[in-house]
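Starting from the structure of chain A, add chain B where the hints point.
Protein sequence lines correspond, in order, to chains A and B. The numbering of the first sequence is numbering that gives the first Met the number 0, which starts it at 0 and goes up by one. The numbering of the second sequence is numbering that gives the first Met the number 0, which starts it at 0 and goes up by one.
Warning: the hint list may mix true and false statements.
[As the list claims (entries may be wrong)] FRET-style restraints, in silico, Cβ to Cβ: (1) A:Ile114 to B:Leu47: 19 to 27 Å; (2) B:Gln16 to A:Ala12: 42 to 50 Å; (3) A:His62 to B:Val59: 24 to 32 Å; (4) A:Trp46 to B:Gly17: 42 to 50 Å; (5) B:Arg11 to A:Arg143: 26 to 34 Å; (6) A:Arg143 to B:Val59: 25 to 33 Å; (7) B:Glu23 to A:Ala12: 56 to 64 Å; (8) B:Leu47 to A:Ser150: 22 to 30 Å; (9) B:Tyr67 to A:Val55: 35 to 43 Å; (10) B:Gly60 to A:Val15: 54 to 62 Å; (11) A:Arg143 to B:Tyr67: 21 to 29 Å; (12) B:Ser46 to A:Ser98: 54 to 62 Å; (13) B:Gln66 to A:Ser150: 32 to 40 Å.
[What the hints assert, rightly or not] Okay, derived cross-link-like pairs now, DMTMM-like style, lysine to aspartate or glutamate, Cα gap no bigger than 25 Å in a straight line: (14) B:Lys22 to A:Glu133; (15) B:Lys22 to A:Glu135; (16) B:Lys22 to B:Glu62; (17) B:Lys22 to A:Asp61; (18) B:Lys22 to B:Glu39; (19) B:Lys22 to A:Asp205; (20) B:Lys22 to A:Asp96.
These aren't lab readings, by the way, just hints derived from the structure by calculation. All C-beta atoms, glycine included, are put in the ideal place defined by N, C-alpha and C.
Residues per chain are reported as follows:
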Amino acid sequence: MALMHLRNLPAAALAVVAAYLMWLAPDRVFGIDSGGLGSALLLATAWLVIWLWQRVAAVAEDHASLDQQLALLGLGFSVAIGISFFARLQRLGWSLDPSAAETWVLGRNVLLMLILWPISAAILRSLRRDEGIEDERDRAIATRASAHAYSVLAIAVIALIVQLGFGGAAFQALANPVSVAHWLIGLLIVSTVAEHLSATLQYRRDQP
Amino acid sequence: MSAGAIQNQIRRLRFEQGELTQKELARRCGVTRQTIIALEAGRYAPSLELAFRLAHALGVGIEVVFQYRP
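Bound-form chain A, shown alone (with noise of 0.2 Å):
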């Protein structure tokens, strides 16, 4: 496939990178805010993988449809707000004391995520030469893959209404009413992943 050349290696190990400062490492690596470098650096890998884009657009084009490249698109970045999101509530112990700083710092980087992602959707649709048609098969996946969401999303509510019922005195303890809207927003990024990752799914499923 024309889209993977050895040059995009370099964008994809930036944004590794930029991932794990940002959600894995220590809070301060030499001394710097962590969470600061890998959000800069995340903001130059895209607008690194922009550039690359750009030059690609016409074989882009050819290979996918704009709503394609929108459901993964969607795909990526949901997946990065849901590590983000779950890998800074398993460091808190899945447990949020609401005076506490780091309960309002879990929103920073799924603050960021949720900025960066419709300025991406943005620039990909003004690099469609075309008209970027959505028609009655983008439509008919973007139903499928909604029903595919709220399917997930029920499963998983059910799921922990269950658990908050007959988890034991350990688990009601973990849920005051913080952690219990944090969980439930970690339910919605789940729904949205299953919705985008159904979507990309159905798209590849219709190529030769």
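Same frame as chain A, now just chain B:
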């Protein structure tokens, strides 16, 4: 959505229409080139409206483009 029992002759008819490209056929029918690819591969069954638009773009009757094989 797999085409299932519905088969089509889109690819053959494209070539009979002066080697009409997938991109041009997609433009005439108001769909993406990837939808035309999915149709020709038998991986997607079009709506009735799209089926008529395809037949009109190819200049033949709908029964020439699509066949039902249960």
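Now the hints, each set against the structure:
1. A:Ile114 to B:Leu47: 19 to 27 Å: 42 Å, violated
2. B:Gln16 to A:Ala12: 42 to 50 Å: About 48 Å separates the Cβ atoms of Gln16 of chain B and Ala12 of chain A, which means 42 to 50 Å holds.
3. A:His62 to B:Val59: 24 to 32 Å: 29 Å, holds
4. A:Trp46 to B:Gly17: 42 to 50 Å: At roughly 44 Å between Cβ atoms, Gly17 of chain B and Trp46 of chain A fall inside 42 to 50 Å, so the hint holds.
5. B:Arg11 to A:Arg143: 26 to 34 Å: This hint holds: roughly 30 Å between Cβ atoms.
6. A:Arg143 to B:Val59: 25 to 33 Å: With a Cβ separation near 31 Å, Arg143 of chain A and Val59 of chain B satisfy 25 to 33 Å, so the hint holds.
7. B:Glu23 to A:Ala12: 56 to 64 Å: 40 Å, violated
8. B:Leu47 to A:Ser150: 22 to 30 Å: 29 Å, holds
9. B:Tyr67 to A:Val55: 35 to 43 Å: 41 Å, holds
10. B:Gly60 to A:Val15: 54 to 62 Å: 55 Å, holds
11. A:Arg143 to B:Tyr67: 21 to 29 Å: Given range 21 to 29 Å: holds, Cβ gap about 24 Å.
12. B:Ser46 to A:Ser98: 54 to 62 Å: 56 Å, holds
13. B:Gln66 to A:Ser150: 32 to 40 Å: 35 Å, holds
14. B:Lys22 to A:Glu133: Since the Cα atoms of Lys22 of chain B and Glu133 of chain A sit roughly 15 Å apart, the hinted pair holds (cutoff 25 Å).
15. B:Lys22 to A:Glu135: 16 Å, holds
16. B:Lys22 to B:Glu62: With a Cα-Cα distance of about 23 Å, the restraint between Lys22 of chain B and Glu62 of chain B holds, given a limit of 25 Å.
17. B:Lys22 to A:Asp61: 9 Å, holds
18. B:Lys22 to B:Glu39: Status holds; Cα separation ~13 Å.
19. B:Lys22 to A:Asp205: 17 Å, holds
20. B:Lys22 to A:Asp96: 56 Å, violated
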